[in-house]
Structure formats: structure tokens, C-alpha cells
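Based on the provided sequences and hints, a complete structural model is requested.
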Amino acid sequence: MVKYVLLALSLTLTACQHKPETSLYQRLGGESGVEHIVDGILYGIEHDQSIVHHFADTDIPRFRRLLIEQFCELSGGPCKYSGVSMQESHTGFQITQAHFDALVNHLITAMQQQKVSVEAQNELLAILAPMYKDVVYR
Amino acid sequence: MKKVLAALGFLLVSPYLMAGSKVIATGGATTIEGNSGGGIVPWATINGYSSSDEWSVNSFAGRVGVDDFTLDSLGVGASFNNQWELSFARQKFALDTIGGELRQDVLGVKYKVAGELLYTGLPQISIGAQFKKNRDFALPSAVGAGDDSGYEVYVAATKVFFDAIAGRNLLLNATIRSTDAHQTGLLGFGGEGVSRKLMFESSAVLLLNYNLALGTEFKQKPNQLGFADEQHWRDLFAAWFINKNASVVLGYVDLGDIAGLSDQTGFYLSLEGTW
Ligand code: HEM
Ligand code: HEM
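For the record, the sequence lines run as chains Z and Y. Mind the numbering: the first sequence is residues 71 to 208 in the working numbering, read in order. Mind the numbering: the second sequence is residues 1393 to 1667 in the working numbering, read in order.
The hints are simulated quantities; they were obtained by calculation from the structure and are not laboratory data. Bear in mind that the values here come from a model prediction, so they are computed numbers and not experimental data. Mixed in with the good hints there might be a few duds.
Said to hold, decoys possible - BS3-like, lysine-lysine: derived pairs with alpha carbons at most 30 Å apart: (1) Y:Lys1484 x Y:Lys1589; (2) Y:Lys1613 x Y:Lys1484; (3) Z:Lys203 x Y:Lys1551; (4) Y:Lys1551 x Z:Lys185; (5) Z:Lys203 x Z:Lys150; (6) Y:Lys1613 x Y:Lys1551.
Claimed, not checked - If you want the ones that stay clear, here's a sample from chain Z, every Cβ over 10 Å from chain Y, calculated: (7) Gln96; (8) Gly100; (9) Arg134; (10) Gly146.
Cβ atoms here follow ideal geometry from the backbone N, Cα and C, with glycine treated the same way.
Put into C-alpha cells, the structure is as follows:
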């Protein structure tokens, strides 16, 4: 019984699976979509007492521009990230797992607000999650 | 107006703040034995939403209702640093057609040794121990169990694969448990000719979105008590993580033969609160 339901479930799901023609960048909403997502993250950071202190000396407009560039490039958009490596930019801030989790929550909230599809959200998370090792406890 | 909005916003985010930083659903559900996992299989996940340097508490109530038996579990747990988990569960297994009941307490501890569920290529790996004590031992003793208490140790590896099936995230878990329990300990431990065995358990869960998940589990059982066959357990479940404070799991379970009564299938329902 369990086996058949599972089989049916996986067949239905894989049957629906087609690689969309459009790039992740487009499915995130293109230029304005990525900008809104990044602004959503900035809003989340600004209102989060647990992590806002990390950004006390940060040049926010520059940080915003670099995050937009980075998300745009990683999602297959027409941009080139001009900032420094993740390891370099996050060393010395004592960023913990809780801080990282908090930022992921702000990213998810921002994508939900932008009505990004679950598939596109997961695709972006899949790209960003492995950066964990370059960002925390450095 | 701004003040009203701010107040409203605060009300909306305040329970969320109390619940810790981890991403929703990453604390898993709570098993019938009180630890973080699916319904019957403990995972490497740490219960609740405490991330680094945070702590959280949780409590749950679950019921498994199969043809001739009803298992009620109630428990509480605490976790710290997304690393330590302590849990206590009290189980009552009612023998609806045979008559009587078997009660058992389960004290559990789990420690995350490596990996991060979401963020590392290496799966999250945890080790755990459970101390179980029967509160009714007449029947287990009569059917051949040697001991009214026992311990189990397990290693679990769990990982979430983002964007795995049709754009959805997939959680896979494998657990190896060392045990000498009969029917998870409800029918006692050890006895003549009974040895400690390594059992394999697994779970696969598809996260449809942040709040809804569909899963299935398999739990190998040792079958060492002569008087009646014990079979592997299976289940299918749907979990609804309403928010970081509440979740509901509804499932279909197949527990095989129990105490000579065959084909025990039925439902599973569990409610959990996390703070
Ligand atoms: C104590 C620290 C901070 C204070 C007092 C502060 C204050 C402000 C104020 C007064 C504004 C203008 C409000 C408005 O236009 O409605 C603003 C805008 C903004 N802030 Fe902050 N801010 C702080 C920290 C941050 C941090 C840490 C971030 C992001 C990481 C951030 C990101 C932004 C962004 C993106 C805007 C919008 C800018 C724009 O519209 O071009 N701020 N902030
Ligand atoms: C996958 C996750 C993350 C990504 C993709 C990311 C991306 C970036 C980028 C592109 C920059 C600009 C680099 C540059 O200045 O050249 C930056 C800077 C920064 N990030 Fe992150 N970040 C992540 C996680 C975090 C977390 C969890 C925190 C802490 C809560 C954090 C705190 C900072 C700070 C404080 C800066 C500014 C450094 C400075 O002012 O020089 N980041 N990040």
C-alpha cells in the first residue's frame, strides 16, 4: 500500500517536472524583482536586533548594489558581481549559525512577499545555502 | 496609523521571535518516543527552533489508533544551541481487544556531532540514547521479556536537498539503532536468547512549501520474542507546520502483527507546540 502510494506520488511529481525555459533571474522577477527581494532583505536586517549590529559600519547603498549584482549573476541575469569573495567580506564579523538562519528567514520572507514561486525560491536557496561555510564563524 | 501598524507588526513577529531563529520545519516533528524526527523514526534534527546560543522547549501529544490497539504518547523536550536535545515521553499502549494496557516512559538525549541539515554537503549527523522503563511488566514478563528497562543508542544522518523533485525540497534520513527491545520496549527488553541488534530506519519527506510536507517512514524491528511475531513498521504522513509554534501531523500507519493480532493498520495524529 505505502509503496504504491509513494510510487504514484513520485511518478506524478516527476511527470510534472520540466525545466522551465525561463532563467531563474526572470522567475525571480528580473531586475525589479531582484531589487525588491534585496530591499526586502535590507528591511528585514534593519528591523532585526539580533543581526543589525553587524552592519553598523557598512556602506548600505554599496552593500545593496553588490547584493543585487550577486543575486542577478547567480540567477543567470545580465550582471557581473564586482564585490569581494564571500569569505573575505564576512571574516571578522563573528557571524553565527543563528545570524545565518536569521538572514535566510529574511530572504524567504522577501521572496514570499514578492510572490516568487516555491520552485524559484528553492532554486535560489540551493545556490546560496552552500555559502554557509564561507560566511559563519570566520 | 503608523503606531497601529507597528503594534500589529510586533504582535505578528513576537511569537516568531520567541521561537528561535531556525528556518520553519527544520526542527522536524516529534516522534512517539519524544525526540525530533518523523512519526516513528528519530532524525539527526534537533527539536524546536533554537539556533546557535538559543534554547527552546516543546511538548507534544500523539495517538496511534490501529485495529486492536491504541498508543497514546505525551511528552516534553528542550533543546539548546541546535546541538543538544533532551526529551521525555510517557506512552500508554491500550490493548483494546485483549484488554489491559502497557505503559512505558522514554527519556532521550541527542547530540549533533557534524554537518548542517540545510547548509553543508555533509548530512547533519547526530547520536542519541534512549532510556526506557516499563510501568507495567506483568504481561511482558509473562511472554518472555527478561527486563523491564532497557536502553537504545542510535546514529542518524539527515539532509535537506533543495530543489530536488519538481522544484521541491526533499529531506532524507537514515538511522541505525542498537536495541534489545520488543515492540519498541512496550513488551519489555532482553530475555532468554535475546541479543542486542542493529536495526535500520529511514524517512523521506517532500516539503511542498514551507508549511506542508508529505513523508514516509520505515522502521525495521528485531522480532526476538518467541510468543508472537513482531514486524517492521511503515507509515505515510502529512505534516502541517502552521508556524514556528505549532504543528500537526496526520498519518497512516502499518504496524504489522502485534501480540498475535495481524495486520494492524490505522491512523496517526500528533500535535506539537514549540517555544
Ligand atoms: C541603526 C541603524 C539604522 C538607522 C537608524 C537607519 C535609518 C534609516 C532611515 C531613517 C531611512 C530612511 C527611511 C525612509 O526613507 O523611510 C533608512 C532607509 C534605509 N535603510 Fe536604514 N537605518 C539603519 C540601518 C540600516 C541597515 C543595517 C540597513 C541594511 C542592512 C539599512 C537599509 C536601509 C535601506 C535599504 C533604506 C532605504 C534606502 C532607499 O530607499 O534608498 N539601514 N534607514
Ligand atoms: C548566503 C548568504 C550571504 C550572502 C550571499 C551575502 C552576500 C554579501 C555580499 C555580496 C556582500 C558585499 C561584499 C563586498 O563588500 O564586496 C556582503 C557583505 C556583508 N555581509 Fe553578507 N552575505 C550572506 C550572509 C551574511 C550573514 C548571515 C551576515 C550576518 C548576519 C552577513 C553580514 C554581512 C556584512 C556585515 C557585510 C558588510 C561587510 C562590510 O561592511 O564590509 N552576511 N554579504
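Hints violated by the structure (numbers, ascending): Violated hints: none; all satisfied.
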